[in-house]
Amino acid sequence: MSIGFGGFLERLRTEKGLSLRQLGQLADVDHAYVHRLETGAKVDPSIEIVTGLIRALRPGERKARILRFLVGQTVEKDLLDEVLEDEDLSLDDFESAAQMRSRGRPDGREAWRRVLKQIRQIREKMEGG
Amino acid sequence: MDESTVILKARTFVRSFPDLTCPVSMELYVKDIDAGLRYETELPENESGHSLPIKGKWHIIVNKNHLEERQRFTICHELGHLYLDLSSEHTGKSDSQRYTKRPKNEVLCDVFASEILLPSDHFKPLVNAADLGFYSVIALAKKFKASLTATGSRFAALNDMACTFVLSEHGIVRYASRSPSLREMGAWVQIGYRVPPSSLAAQGAKLVQEGPCEVDPTEWFEDWTRGGTLYEESRYLPDWDRMLSLLWFEEDSLPAGGVAANEETEDSDPYCRELDGMLSWPDRTKKR
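From first to last, the protein sequence lines stand for chains H and P. The numbering used here numbers the first residue of the first sequence as 1 and each following residue consecutively. The numbering used here numbers the first residue of the second sequence as 130 and each following residue consecutively.
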């Protein structure tokens, strides 16, 4: 199962206990437009809209970066959950994993942990670590 | 992007290496597109490999537990993703070995992989100098360090003789690659149907015969009315309950007549056309 900008936006909004209308008011965005973003009817919000939503949601630096990354693309829910639950995971590594090209996608959290481990090893080697 | 474009791009890529020798060097290819290559022992059996962008550079990860021939095809497949800039289209399955319902980009990267692993400029002359038979496929597979499946498919697609290479799984035909002359004859192997009961392929794991046998072409080819003596040679691959079959007409046993009427029938249905690595330019005369 994959999740995109809209799905993650909805997750952040419900975590904050905000209604569509409340978020729209706080972000100075039409609530119907927020709804279209969440349902995937709109997938390419402007930088200004995204910045306004982040300002209203105050999700923290880590989640804000993930939300920005998800504009125009989706990631596997298992990968997203993994990076949200493990604060030590590098967001650079998450973004690498999200762009992985393969003949079949990793299946489950364990498989994504393995991919993230590979990425970390390669990155550390590149960095001379 | 379509299959013809992929083939052209793959041939352009291969021809950028004027001193290319066979078996082609994976390191040479990978270096050319400035990617990294890593052999990984911790990948599960059903994962062939993948590509990852790390710090601005793509890295190809290959399952080191697989046979070398399969590793080489995987690397070429991943090079296809990178060179053609084709993303993965996920279907929720990890199994890279399926032949049915594969996403288009994955099929296109397989086409690219075949083209650069068994380059037509190097492979085709050897194919047409070889005798028709499975021993030729085996010898070429060794020479190019490619799997029997990949080599057999290209062997038929680039052959001047009338032949086809058929892959069946669990007794069901999954894939067929035909030579141009067999296509012109209108010989059509039905995909998704059980292999003929009288064929060697139908014997599955019980197959012991290694040489060719004569078979009735109407058993293999749909609506075949042209006669001729068809030869079949099959090899069983136990790992996936898969059968590889090479079917051919000898020069002295070719079917009578010109191009069959059913050629037009299959050309009018391009969405069902088999992958055979051959370019298929539009035919203006038919449009009129």
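I should point out that these hints are in silico values taken from the structure, not numbers from a laboratory. Predicted, not measured: the structure shown is a model, and the values here were computed from it. Wrong hints could be hidden among the right ones.
Here are the computed lysine-lysine pairs in the DSSO-like style, where the Cα-Cα straight-line distance is at most 30 Å [what the hints assert, rightly or not]:
{"id": "1", "chain 1": "H", "residue 1": "K117", "chain 2": "P", "residue 2": "K186"}
{"id": "2", "chain 1": "H", "residue 1": "K117", "chain 2": "P", "residue 2": "K253"}
{"id": "3", "chain 1": "P", "residue 1": "K272", "chain 2": "H", "residue 2": "K125"}
{"id": "4", "chain 1": "P", "residue 1": "K335", "chain 2": "H", "residue 2": "K125"}
{"id": "5", "chain 1": "P", "residue 1": "K184", "chain 2": "H", "residue 2": "K125"}
{"id": "6", "chain 1": "H", "residue 1": "K77", "chain 2": "P", "residue 2": "K160"}
{"id": "7", "chain 1": "H", "residue 1": "K42", "chain 2": "H", "residue 2": "K117"}
{"id": "8", "chain 1": "H", "residue 1": "K125", "chain 2": "H", "residue 2": "K77"}
Beyond 10 Å from chain H on every Cβ pair, some chain P residues (computed) [claimed, not checked]:
{"id": "9", "residue": "T150"}
{"id": "10", "residue": "E171"}
{"id": "11", "residue": "G178"}
{"id": "12", "residue": "K186"}
C-beta: ideal position from N, C-alpha, C; glycine also.
Consistency of the hints with the structure:
As the CA atoms of H/K117 and P/K186 are separated by approximately 17 Å, the hinted pair is consistent with the 30 Å bound. Distance restraint check for H/K117 and P/K253: the Cα-Cα separation of roughly 42 Å exceeds the 30 Å cut-off, and the hinted pair is therefore not satisfied. Proximity of P/K272 to H/K125 is assessed by CA-CA distance (about 35 Å); at most 30 Å being required, the pair is judged violated. Annotation: proposed proximity of P/K335 to H/K125 is violated, straight-line Cα distance about 50 Å (limit 30 Å).
Taking the CA atoms of P/K184 and H/K125, the gap is near 11 Å; set against the 30 Å cutoff, the hint holds. With a C-alpha separation of about 34 Å, the suggested pair H/K77 and P/K160 falls outside the 30 Å cut-off, and the hint is violated. In summary, the hint linking H/K42 to H/K117 is not supported, as the alpha carbons are separated by about 34 Å, beyond the 30 Å threshold. Our distance criterion of 30 Å between C-alpha atoms is met by H/K125 and H/K77, whose separation comes to about 28 Å.
A cut-off of 10 Å between C-beta atoms confirms that P/T150 is not in contact with chain H; the least separation is 28 Å. The claim that P/E171 is not at the interface with chain H is violated, since a C-beta of that chain comes within 10 Å of its own (minimum 6 Å). At roughly 7 Å, the least C-beta separation between P/G178 and chain H is not larger than 10 Å, which violates its mark as non-interface. The beta carbon of P/K186 sits about 8 Å from the closest Cβ of chain H, which is not more than 10 Å, so the claim that it is off the interface is violated.
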